[in-house]
Structure formats: C-alpha cells, structure tokens
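A.B. asks: In case you want the letters, here they are:
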Amino acid sequence: MLTQKISKKRRAYITVMRTLMLISALATAALVLFLVIYVFAKGLPNITWELLSTKPSYLQNRIGILPDILNTVYIVLATLLIVIPLGVGAAIYLTEYASNKKVVGIIEYAAETLSGIPSIIYGLVGMLFFCQFLNMKTSLLAGALTLVIMNLPTVMRTTQESLKTVPQSYREGAFGLGAGKWRVIRTVVLPGCVDGVITGCILSVGRILGESAALLFTAGFAHALNGVIEGLTSPGATLTVALYVYAKEQGEFGVSFSIAAILMILTILINLSATLVSRYFNKRRKL
Amino acid sequence: MSNIMTAENLCLWYGNTQALKSVNIEIPEKSITALIGPSGCGKSTFLKTLNRMNDLIPGVKITGDVSYNGTNIFDPSVDVNELRRDVGMVFQKPNPFPMSIYDNIAYGPRTHGIKNKAKLDDIVEKALRDAAIWDEVKDRLKKNALGLSGGQQQRLCIARALAVKPKVLLMDEPTSALDPISTSRIEELALQLKDEYTIIIVTHNMQQSVRISDNTAFFLLGELVEWGNTERLFSQPNDKRTEDYITGRFG
Numbered sequence: 028m029l030t031q032k033i034s035k036k037r038r039a040y041i042t043v044m045r046t047l048m049l050i051s052a053l054a055t056a057a058l059v060l061f062l063v064i065y066v067f068a069k070g071l072p073n074i075t076w077e078l079l080s081t082k083p084s085y086l087q088n089r090i091g092i093l094p095d096i097l098n099t100v101y102i103v104l105a106t107l108l109i110v111i112p113l114g115v116g117a118a119i120y121l122t123e124y125a126s127n128k129k130v131v132g133i134i135e136y137a138a139e140t141l142s143g144i145p146s147i148i149y150g151l152v153g154m155l156f157f158c159q160f161l162n163m164k165t166s167l168l169a170g171a172l173t174l175v176i177m178n179l180p181t182v183m184r185t186t187q188e189s190l191k192t193v194p195q196s197y198r199e200g201a202f203g204l205g206a207g208k209w210r211v212i213r214t215v216v217l218p219g220c221v222d223g224v225i226t227g228c229i230l231s232v233g234r235i236l237g238e239s240a241a242l243l244f245t246a247g248f249a250h251a252l253n254g255v256i257e258g259l260t261s262p263g264a265t266l267t268v269a270l271y272v273y274a275k276e277q278g279e280f281g282v283s284f285s286i287a288a289i290l291m292i293l294t295i296l297i298n299l300s301a302t303l304v305s306r307y308f309n310k311r312r313k314l
Numbered sequence: 114m115s116n117i118m119t120a121e122n123l124c125l126w127y128g129n130t131q132a133l134k135s136v137n138i139e140i141p142e143k144s145i146t147a148l149i150g151p152s153g154c155g156k157s158t159f160l161k162t163l164n165r166m167n168d169l170i171p172g173v174k175i176t177g178d179v180s181y182n183g184t185n186i187f188d189p190s191v192d193v194n195e196l197r198r199d200v201g202m203v204f205q206k207p208n209p210f211p212m213s214i215y216d217n218i219a220y221g222p223r224t225h226g227i228k229n230k231a232k233l234d235d236i237v238e239k240a241l242r243d244a245a246i247w248d249e250v251k252d253r254l255k256k257n258a259l260g261l262s263g264g265q266q267q268r269l270c271i272a273r274a275l276a277v278k279p280k281v282l283l284m285d286e287p288t289s290a291l292d293p294i295s296t297s298r299i300e301e302l303a304l305q306l307k308d309e310y311t312i313i314i315v316t317h318n319m320q321q322s323v324r325i326s327d328n329t330a331f332f333l334l335g336e337l338v339e340w341g342n343t344e345r346l347f348s349q350p351n352d353k354r355t356e357d358y359i360t361g362r363f364g
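Heads up: the sequence lines are chains A and B, in that order.
Numbers in this note's numbering are just positions in the first sequence, counted from 1, shifted up by 27.
Numbers in this note's numbering are just positions in the second sequence, counted from 1, shifted up by 113.
Certain hints may be false.
[Claimed, not checked] Calculated pairs, DSSO-like style, for lysine-lysine (alpha carbon to alpha carbon, straight line, at most 27 Å): (1) A:208 - A:129; (2) A:208 - B:174; (3) B:232 - A:208; (4) A:310 - B:206; (5) A:191 - B:206; (6) B:256 - A:191; (7) B:255 - A:310.
By construction, these hints were calculated from the structure, which means they are not laboratory data.
Next comes chain A alone, as it looks inside the complex (with noise of 0.2 Å):
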C-alpha cells in the first residue's frame, strides 16, 4: 500500500492546487508590497521639516501639517482617557461581578453589532448628540467622544476576552488566603491579562489613527495650531481628515501622500508595538 504510486490524475490535481494557492498568495503579497512602495515612492519625496513643522499659510503659500499632527495626537490622547477607564471597567464588571449570563450576554451581542456598524453612522449622531444636542459645536472634542463610542465595544471585549484566560486556578488561590473580590481582581487577574488590554488599546490607536468618516462630522476641518484646551475646544482636522481636505478639495496631492506615508508607517509601528507588548508580556510570565 505504501509503496503505490500516487496516480496521474491525482498528481495533476495536487500541483494545480498548490500553484492556484501560491498564486492567491503571491497576489496577497504583491498587493500590500504594492500599496506601500507607491504610497511611499510618492509620499516620502514630499515631506520636508517645513511640512512637518508649520501651518499652512496662503499669505506665503506654504502648507504645513504641524496643526492635523497635533490634532491627531489630541483626539488620540483625549479618546483613549475616556474610553480606556470605561472599556476597562465594563469589561471587569461584566467578567468578575455580574451574575445574570443572560444580560451579560446581551450586552456582549450589542458591543459586537455596536463594533460593525459603519463608521459614517457614528459621525452623525456624534454631529447630532454631541455637537448640536450637547452643543459642543465642531470640536477635537465632540470627534473624540465620537471614537469614544466607536472604540468602546472593541476595548471592552479585548478586555474580556483576557479577563477569561487567567485561570480560574489563580483566582480560587487568592480567595482560599482570604483576598478580597477586589483585591483579588487588582492584584492577580489585571497584572495576569496586562498585555491582552494593552494590545486592545494600541490596536485602537490604530482605529482612531485612520478613522476619517465620523471626525469629518465632528472635529471639522480646521488647520489652526493650538494648545492640549484650546484645541479641544475648538475645530480641527486629524491627518486622515486632512489628506482628504488636501485631495479632494484643493489637489494638493502630494501634501497627501506625505501624510498617506506618515500615517502608513505610523500603522507600521503601531502593530509592531502590539505584537512586541504581547510578546514581552509572554516572555515575563513564563519566567
């Protein structure tokens, strides 16, 4: 039986199937490899210190993107402190303390269908809730809190889902020498899942990095250079927002590879900076 020939038919089959597959990963390959060489062979030529440092003037006909840069980094830093402590906390909340399955379950089922609406949808009711309800008007602010509800579902269930991989052995440890519930969750299942809720969090960087649609409604176009409250306060456009303005509505095409390449390689580290979290984490609590 071993020694029998593997017939021609089925020989024929297996190489046609595995140059098929090779072929689906090559095109994979090519088109990442693609997309990046294009976006950077026309983007990085364009990026200048005086880009990278001023803000656009039309007296001197200059355009800088220091203002979206620091814009970015505002509503990066503004939604992670709110939406950190809240996804956090939802996700210890529902993990360690509730008791009903069933309403656990159905919050777990809205935070998942929340996850896949488009981002669009979010940006209008930001627009009508927080901007004209809340009266907030265009702000860093009302965009913020728009990512705010965008990212919750994805920070909580990250969180969950590591909150469940500590074992449950750990847990029955720590009560059996008389901790507390609270003690127990802050002093062995945190420190156990740090690196799963990290990860969540760089990966929601990432989100709110590239997100456009629901800011576009929200934190406005602006290019004004502001401080941490005042750029809070008031209209701006993030680097995804501003390389649409920079496109579509004043051709400015190379201002928008720039920052098509800025934002590339910034998505470049932050996924190399999951990856490297998780996997110090993992070498840590192996010894």
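Assemble chain B onto chain A, guided by the hints.
C.D. replies: Just chain B now, with coordinates in the frame of chain A:
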C-alpha cells in the same frame, strides 16, 4: 481533644442535584482527618464548604450548620475573608501565582495588612521552612514561582497557605498531580504540620489515608457513610459499604 470544626445536617445542592446529604462530622483539633470515597462522592464539595469556597460557584444552595470554633460559618455576620484566613486551602493542582516566590508567600500577609519589610521577610522564611522548601528556594526568592517543579510548586502553595497562620488547613488531593517522591515529602510535611495545625485532606489513595490520618471519613454518593479513628475504620468498618470500598470491591 476539642473539636475545631463540626458539621450538622449539612446538605448542599448544585442546582437540582444534591451533592451532600445531611453530613454530620466532628473535626478534632491538631489532627489529620482524611476524606475518602469514590469520584463524585462529595468529599471535595464538603471540603470546599468548610471555608465557603463554594460561594464562588453559582447556583449552590446549602442547609444545615458548619461551625468553626463555635461560630456558624454561614451566619451573615461572618466575614468570609476572615474565615478563609483561619481555614486555609491547598488545591489539587499546584496554583502558584505568576509572580516571584517571595511575592507568592507574602500575598496572604499583605492581603491582611502587613507591610513591614522585615516582618514580611520573617513570615516568608518561616512559612517556607515550615513547608520544607526553604533550602531549595532560599537563593532564588525573587525568581518566578512558575519555574519550580510540580512538587516544589505544591509545597510553595502549602507555604503560601501557612503564611497567613491558619488554624485549619484544607487539602484537596494535594498529591494527585505529583510523582511518588514529591508525594511522600508532602505526606511527611502533613505529619509535621499537625503539631500546630488541623489538617483535613481529601485523598483518592487509601494507603495515604492510612499512612497519615488520625481519623478517616468515608463518603459515598453525597452521604457520609461513617467516620472515626483511621485504624478502627480500616480494620473493623461498621458499615458494609465501607468494608466493600476499602477492600476494593468498588470505587
């Protein structure tokens, strides 16, 4: 010898299944009581009731009394964390926390408010010595406890339980996951510890029960069939079922 723990008419249900049927037993102080019986007979359930670890499982219903030093442990005024401090537990599978050996031992004392470094150092050393593992780990107290062997981890868990100075130590098949050498070390340890502590140990191994325990309780299908002096129970069991079990007719 006075009794440190007693159970009266203790019944326990998981949902609709009754896991303990009117258990009555007395646990004498500073002795080793072994709980034996086939799998699923309720011996682990009974053990976990003694420090209310069953509270963690949803859908558990308990009737009857368990008293510790004369106090009913189900009384609403009882602080369950204080109860668990006095009635410590060692689990079937070694479960050290993923932190250093030192921090593992210091976890309990820190939980109960001891912050003084010198005091903690003393407690850690004494607990590790009492658990007969000090010599093996004294040079690597800052190393992660997960790097120890299974037998060492289990002795570390015993040390961790001892560090909060319990009166009673519950051991849930502490040697079932260990090799014979580690097993005999833990048995020796249990014999040493009974000078200071009351030990209640669940075991699948009847020889182990004979080797180390003063009293033995035989559980079957949630019922405490009989209990008493180990030698007597194994030589002249009162109940036919006990005799059948210890002579290996079932189980």
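A.B. asks: Determine for every hint whether it applies to the structure shown.
C.D. replies: How the hints compare with the structure:
no.: 1; hint: A:208 - A:129; verdict: holds (22 Å)
no.: 2; hint: A:208 - B:174; verdict: holds (21 Å)
no.: 3; hint: B:232 - A:208; verdict: holds (25 Å)
no.: 4; hint: A:310 - B:206; verdict: holds (23 Å)
no.: 5; hint: A:191 - B:206; verdict: holds (19 Å)
no.: 6; hint: B:256 - A:191; verdict: holds (26 Å)
no.: 7; hint: B:255 - A:310; verdict: holds (16 Å)
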